[in-house]
Each structure stands twice: as structure tokens, then as C-alpha cells.
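We have chain A already, so just place chain B on it with the hints.
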Amino acid sequence: MLEKPNKLRIALICGAAIGAVSAVPGISLINCCCCAGVWLGGVLAMYLYKQQFTEGMPPLESSDALMLGLMSGIIGAFTATVLGVLILVIIGPVEQELVKSIVGRLLDRLVEQGGLQTDMADSMKEQVEQSIRDSGKLSNIFGSLFMALILYPIFSILGALLGFAIFRPKNPPPTTMVR
Amino acid sequence: MEDNKRVYTILLFLTALWCSGILLAPSIHASHPAAASIVYSAYSPICHQVDGRCFHLFEAKWGVCIRCSAIYFGFFLSLLLYPLFRRLSSPSYPGRWWIALAVAPMVIDVVLNFTGIHPSTPLTRSITGVMFGLVLPLYIIPTLLEGVAQLRSQFSARGGFFYARKAQ
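Protein sequences, first through last, are from chains A and B.
Under this note's numbering, residues 1 to 179 are what the first sequence spells out, in order.
Under this note's numbering, residues 1 to 168 are what the second sequence spells out, in order.
In short, the hints are calculated from the structure, not lab data.
Where is the CB? At the ideal position from N, CA and C, for every residue including glycine.
From the structure, some residues in chain B lie toward chain A, with a derived Cβ separation under 8 Å:
no., residue
1, I46
2, C47
3, V50
4, R67
5, R96
6, Y139
7, L151
8, Q154
Next up, chain A with everything else stripped away, as it sits in the complex (with noise of 0.2 Å):
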């Protein structure tokens, strides 16, 4: 019997495409909804693993899944980190400054309607200030990527899971469930 494809060239490949959603800026704000970018990236990895698969092969598995998306997520917090320092160093902190538009335009019109004080606003708007200012010292690049570390694992597996609930074979074998 033949083996199964080799999970590492996938998880290279969707580990990268993970990073590269989350640390362009302006891409990366898919990231604002659940970790959207990376729960796809781990259901894109399961669907390019199915695909590698030819007749004679061990069956797609739900210990492949939990794998891939282990695997994945590792590798996009570290592709996602890198390729956000190099933006950084290279064009500045160009997502940070969007943001930072986007929430001074919503605090202005907040304190029009009234809805929010105006020390408040300027109290919120210094503390994006900050953020920009802090964006670029080590400290913040370690801690961003020991958050990444963290979640991205946590939301590529749930992705890669959904992707095999999704794309598993209509005709599973037998499972190994302990009882």
C-alpha cells in the first residue's frame, strides 16, 4: 500500500498563506472576525491534503486534520510575525495607521452625536497613539508572536476539522474511537 502525501509541503504552503492574510495590512482585518484568515487557511489545508490523495492510498483520517492544522497554525504565527516585521521595516506601521484613521473618524462621530465625551475620545485616540509608537520594540514583536503561537494552532485546527467534516470521504472506513 501506497503512503500517505506528505503533510509538511501543505502545511508549508497554507502555513504561508496564513501569514501572509495576516500580516499584509489591509487583508489581515479578516482576522477581526473569529480568526477568519486562519480557520480558512486550515480548511484550505485540508482541502489541497484531500487532493494529493490517489487510489491505493491509506484514507483521509481525522488524526491527518488535528495534525495539519497543528502544524499550519505553527507555521503561519511564525510566517505571519517575520512578513510583519519585514512590512514594518520596510513601509512603516502602514495597518496601524489605518486603524488608527478608521477608529478617529468612528470617535468623532461618536462625539458629534454624543454618545462619548470628548476627553474620552482623546483619551482613546492616545492610546492608538501608543500602539504605533510601541509597534515597532522587540517586546511587542515577542509578545505578538507568543499570542500567534497560541491561537493560530487553536483556530487552524478547528479550521482543518471543519474542512474535514466537509470534505471527508462519502464512504468512511471504520473508526478507532476508544469506547
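Structure of chain B alone, referenced to chain A:
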């Protein structure tokens, strides 16, 4: 304790912890602002946390926005009720179209809001988010339990960690 129950309990505990964090941030915002800001920053990579789009508790916003909160709490509720409706030991999945039906209202709500055809409201965000969150565990729990069982048997076959523990 059976292995499936153990995995299910761990997942339930972690989800409860995740959802508690969302409520913890506003609860301690007044008394421990520094700790609250750490909790808020833990959730910041996965949510915009815009004040006007969040539920509020004790006059402080929740850890994540309304849509995210609805998804997570829907997920937790469905996870909690799962053993009442499905056996943990027998993996069975609902049809694939259920997931599409669960996602569609949320996608429509987002698209209508972005295009300016119809603004999304806290109610539409909550309902569509909860619908998605409720359906997710029906797919994720059987796959996760099955996957962990397969990994265990693979480790056992290779004489790995679990096998060594069992042998002791």
C-alpha cells in the same frame, strides 16, 4: 473516565475559560485596569473590539465584539448540550449543507452591511453569530474525538508516550 469524555471535558473547560475571559475583562476594568488591559490585548489579535460594536458590562466593553461573542457563546452552549443529543462514542456528522445554512445568514448580514443596503444591528449580529456558533460543535466534536483516538492508537502502535503510560 472514558477517553472521549476526557477529551470532551477538556474542550468544554477550555471553551468555558475562553468565554469567561470575554466577561472577565469588563468585570475587572474598574477595579484592576492593568489586568483588564492584558485580557483585552489577549483578545485583540482576533477581534477589532470597537466600542460601538461590543456588548457592555459594568459600563465597559466585553473582550470581543457582538458577533464574535455570539459565535463563542453559541459554540459553548452547543458544546454543553451536545451529550444530551448525541453520543460521544459514536461519531456522526450532520449533512454538509447545514454548515452552509448556518454561515449564509452571517455572510449575508456582513455583505448587506458593507454594501450599505441594510446596516447590521446588534440583533442581527447576535442571531447570525449564535446560529453559526451552535452548528460548529456538531462538526468539530466528532472529528476531534475521532482524531484524538486515531492519534492515540498511532502512538500506541509506535510504542509512543500513551503506550508507555498504559504499560506502566
